[in-house]
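Visitor: Sequence:
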Amino acid sequence: MTRRLSDVLPTRREVLQWGGVALASTWVDGLVWPLDIRASGASVTPRGTARNVIFIELGGAISPMDCWDFKETHWTPKDLDVTEVSKGLYLSRTLFPQLVNHMDKVALVRSLQAPELIHFNGQYHTQSGRALNPAIAREIPAFGSVVTFELASQRRERDTFPTYISTNLTKARAGSIGSGFLPTWTTGLDLDPSTVFAAFGGDMSGANQVLSERWRLLTELAKINEGQRAAMGQRAADYQTFYDDAYKLLTDPRWPAVFQATADDKTRYGDDEFGLGCILARNLLKQNAGTRVVYVYDGDRWDHHSGIFDRGAEWNHYRTCTRLDKGLVSLMHDLAATPGAASGKTLLDETLIVCQSEFGRTPGMNPVAGRDHYKGTYTGLYAGGGVKGGTILGRTDADGANCLEPGWRHKSQPFMDNTVATIYSALGIDWTKVVENTPSGRAYHYVDTVSLGGSAMMEADEIAGLFS
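Using numbering that gives the first Met the number 0, the final residue of the sequence shown is 467, and nothing's skipped along the way.
Quick caveat, the hints were computed from the structure, so don't treat them as lab data. Be aware that a few hints might be false.
Said to hold, decoys possible - Restricting the straight-line Cα-Cα distance to at most 30 Å, the calculated cross-link-like pairs of lysine-lysine (DSSO-like) are:
| id | residue 1 | residue 2 |
| --- | --- | --- |
| 1 | K344 | K374 |
| 2 | K410 | K387 |
| 3 | K170 | K247 |
| 4 | K432 | K86 |
| 5 | K432 | K387 |
| 6 | K104 | K285 |
| 7 | K374 | K432 |
| 8 | K285 | K265 |
| 9 | K374 | K77 |
| 10 | K410 | K374 |
| 11 | K86 | K265 |
Said to hold, decoys possible - Derived CB-CB ranges, DEER-like:
| id | residue 1 | residue 2 | range |
| --- | --- | --- | --- |
| 12 | D35 | T194 | 39 to 47 Å |
| 13 | P338 | W32 | 21 to 29 Å |
| 14 | P45 | P338 | 40 to 48 Å |
| 15 | D398 | T345 | 23 to 31 Å |
| 16 | A400 | A256 | 41 to 49 Å |
| 17 | D35 | E71 | 47 to 55 Å |
| 18 | R154 | D270 | 43 to 51 Å |
| 19 | G200 | S342 | 25 to 33 Å |
| 20 | T72 | R37 | 22 to 30 Å |
| 21 | A442 | H304 | 22 to 30 Å |
If you're wondering where the values come from, they're calculated on a predicted model, not measured in any experiment. Where a beta carbon is used, it is the ideal one built from N, C-alpha and C, also for glycine.
Model the full structure from these sequences, guided by the hints.
Guide: Here's what the structure looks like:
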């Protein structure tokens, strides 16, 4: 049976509508151009060890003391099958049956500190690399948008994929925060793993023929109304740019290849939003069509305020950890087996993988056998992109309540802001840059030492010890 455009476009429209929503929420009307950007004067040398970054957000917050900063206490279940992987590194074979054999490929920072304890604020901070300030929230870009802006000069004529693509972020507590004061072309594209494989993975040749004809008609109509559209100002121009880019994307033969997942892929990664999100991340980078940042959101699956080890609960650490284990290890394996853009490099060599929550969880169990929100310490995992595998930075006390050693070249603990600085450095971006002429008139620092609103002081620095 012949497929009609109406058979496929509603699904496509739902998938791509986020771009329009993001454009509507950005600070287009207050955009100042050109941006006045300068280095802060600090002497830093970005590493440039990575070409891409995959950021995995474990929404809800993983429990460090049960996972990557393991602590044996009277709350510890007896069936975790904990093993000493290396000196000072203990990991549960039950929770991480595959990762336990690959810890020599990853690095851990156990001294991270969070300034907030609310999911919305924490997830905003994770996306933006700074604490939420309602007065200027509209103009703050996601770090993926900053990367898009910085790497624009590296885009090639054949690059049709957005530089920044996320999965499932529109379902996050904070949503997707958009490009802020940056140009709207730095806005990322969010994909829903539960729908995009069906929407784009099949034979779309017939639909694309109809799409091409309708696009031609739309273009002719736009020419007739060109004067009217020009009178609408920058917002109309930005929407037109979005639609132009979307059309190029939909008609690029590499685009359907992103949504191919074999039965073996789904078995290895997991056939759910997280596993499929990791498959999308792998496929996007394999196509080498312009995407450099992929943000994989794992949903709020880790918010275990009760029954954290209750096997009868819908979500518990047995399920969330093994789910992460499959997707993360399969992603690292496949990237390591795929040639990179540079001769002699693999995609894992060229891709920094970061896996992190918005904050930690309480050292003790609460009365309903769960762990609550905790900002004192938590752990981040890093791999690829020049990271020295087997590295452990930072040390906490017997139950994970307090940081004993920050583990980097500063006396204070690192924040999410420092992970963002590390991402910028790995991609060759000077993280000390400052934008002076924002719409609000307040200087925007790529990494801001005062972004915590005065509640804590932080260093605007990368976590250098992660690298060789």
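Visitor: Against the structure, test the hints numbered earlier, and report the numbers of the ones violated in rising order.
Guide: Of the numbered hints given earlier, those the structure breaks are 1, 4, 11, 13, 14, 15, 18, 20, 21, listed in rising order.
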